Amino acid sequence: MTRKLLTGNAAAAWGARLARADYLPAFPITPQTEIIENLAAWIAGGEMDCRMVMMESEHSMITAAGAAAASGVRVFTATSSQGLLYAMEMLYAVPGMRAPFVLVNVSRGIATPTTLESDHNDILAARDSGFLQIHCATCQEVLDHTLIAYRLAEDTRVRLPVIVNMDGFYLSFTREPVEIPEQAAADRFLPNFDPETTFFGAGHPVSQAVIVLGSSQYSYFRYETHLAALQALPAYAEAAQAFGREFGRQYQAVETYRSADAEYVFVMIGSFATKAKDAVDRLRDAGWRIGLVRPRLLRPFPAEDLRQALAGKKGVAVIDQNLSLGKGGILHAELASVLYGQAGAPAILASFIGGLGGRDISPEEFYEIAAETRRAAEQGVTPEPRLLYSDSELRQMRKLQAIAHAQRKEKP
Amino acid sequence: MSETAFKSIRELPSARLLGTGTPMCAGCGGLQALHQIYDILGANTVVVNAAGCMTLLTTYPYTPFPGSWLYTAMASAPAGAQGVRDALDLRLAKGIIRPEENLDVVVLTGDGAAYGMGLSATSSAIERGLDFIYLCYDNEGYGNTGQQSSPATPRGARTTTSPLGHPGRKKDLFAIWAAHRPTYVATVIGSEPLDLARKIEKAKNLKGPRLILALSPCPTGWDFDPMATGEIGRLAVKTGIWPLKEYENGQVSHTKIPSARLPVEAYLSKQGRFAHLFQPARNDALLAEIQAQVDDYWREVETAHG
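From first to last, the protein sequence lines stand for chains A and B.
Per this note's numbering, residue 105 is the first one in the first sequence, and the count goes up by one each step.
Per this note's numbering, residue 1001 is the first one in the second sequence, and the count goes up by one each step.
Calculated directly from the structure, the hints in this document are not laboratory data.
Note that this is a predicted model, so its numbers are computed, not measured.
For glycine and all other residues, C-beta sits at the position ideal for the given N, C-alpha and C.
Incorrect hints may have been included.
[Stated by the list, open to error] Computed footprint of chain A on chain B, listed as stretches where at least three residues anywhere in the stretch have a Cβ under 8 Å from a Cβ of chain A:
1. 1054-1067
2. 1070-1076
3. 1093-1100
4. 1119-1128
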């Protein structure tokens, strides 16, 4: 085992390398490109036995990935943001092939306006696709969950592709100390891919991804895929346990931080949860009973784990780094759907939107979120969803608008 | 052409590998060509399909193919072929499958995918030198949705989205494919089975990107009696509207040059989609334009051939 400073992108590449991915259809996009560059260098240098193919689009890339996985090889690929959206037709199509592979998504906000920086609207657009989703908060988690994702995807109860998600810039380009497992240990944890009957070959005719004429057939296969996705809950628990035995790092579908005795809880996904942990520590120092609950697994949705983690809380603040335009925070709606009407469900489930397009969430904002959630609990009234935006940001925005207006009026 | 197993029409395969009873329309010119092509390619193939009429060939739980099939999407069948080909090669290299278990990868799409939405994926697959056969059944419109105009629709043809006649000109996909300098490109038609068989035989024995463009007379889309599919196809060749040709080693050669070309009217007047060129009044200007286009094409061919 070696300990090195790695970016999230390098950690993802190490995960693919240790998983001995056979095949890499690729297409560049910021902030993901470093992943495929790392892999290309290893393949060229003979350090990794993998075939890389540069595709002409993410749509083709996911098609090739699904087709190769359905042909019986272990596939890795990666994308981000507009690339994930460009591939969206195939993201919804390939899970039905029941061909497992791993896709790393480096989260980045989506147009319009165009941005390079991180939020979760890209990955959440793939929420209902049939890909399982694992959300990482550290570079170590990115490496470890790339390996775990293969175990999960290839589990015979599941057989679905998995997206491992990390935040652009905050993880993709941030170096953190990462333990890189020995190849032999990775091989013990992740044996060779056995595609069973899912491959193409002479004397073994297979028809894949065919059309159905009839709603009963369609419903049957959609339900079957959904039930397979739900099987990933026990499969994840088992894979994570096996991972812990092999590597000593323990993971659960839902991470809880100082939440057991907490009255108030932040709920977040992704790397900003580390900021929330820091806020929890400081608020605890100030006498608060507060904690953090962070789903790692978003599909399948760990409903029961979340119910247990949030049972009896006075107030829960869901901080969404995404915005369903015309609705609000997506994670907030997801949580409400599994808590509503349940015994012990928290009385207050408050919604906060922040961190769009890489915008920071400051410690003061976490304190204000906590205070507002406590006020709501004391008054017994759920607050309106809050869009985090500071006075100084608004002043700066007004200046930029003034420049834009002045330039428009300027005579050429 | 040389060294063919098919010296006369009597030597063409008589077995029909492709099963019958498919949902294709009666008289489908695409299915006519596919039958002949599949007999030569054989069952050791995986057909990678894009959205189109022939997507319905394999409808759960039935398939007419004794070999394999993978449906992808309208735009990305060549990318699916890339994934399958690479996976087969990887498994061969690792000894997981034996050489005799290898398959030919065959993309099957209509003109909607080939001429438009899937052209980027095709161009890139050729550029990567993918070892595959691309078969386009070209019925000159989005046929599966009821014949809307596509980039393959010929000038003047009535479709449901060009009720006054298509204002554009059919894209020259043969030239676009050939400009990539792939291993092989050919045009075929089901009504010329010997020419078709020789070309598919040749393609099968080559490596790299091989692309086949089959004009596919379409009774429902072109509005003619299903029993006339063969006749319409033969007229497409005899009028010079559908040149039978191949591209290989940087050269285009014509495999069947109609000696005395029939006027294009002989072909157009048999199809309801061109009826407005004749009724209620003849559109002499457009008919002359279509004729001139064909004449210009063959004048260039004859000049090039000396």
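Verification of the supplied hints:
{"no.": "1", "hint": "1054-1067", "in the structure": "holds (count 9)"}
{"no.": "2", "hint": "1070-1076", "in the structure": "holds (count 6)"}
{"no.": "3", "hint": "1093-1100", "in the structure": "holds (count 3)"}
{"no.": "4", "hint": "1119-1128", "in the structure": "holds (count 5)"}
This entry satisfies every hint, going by the numbered hints stated previously.
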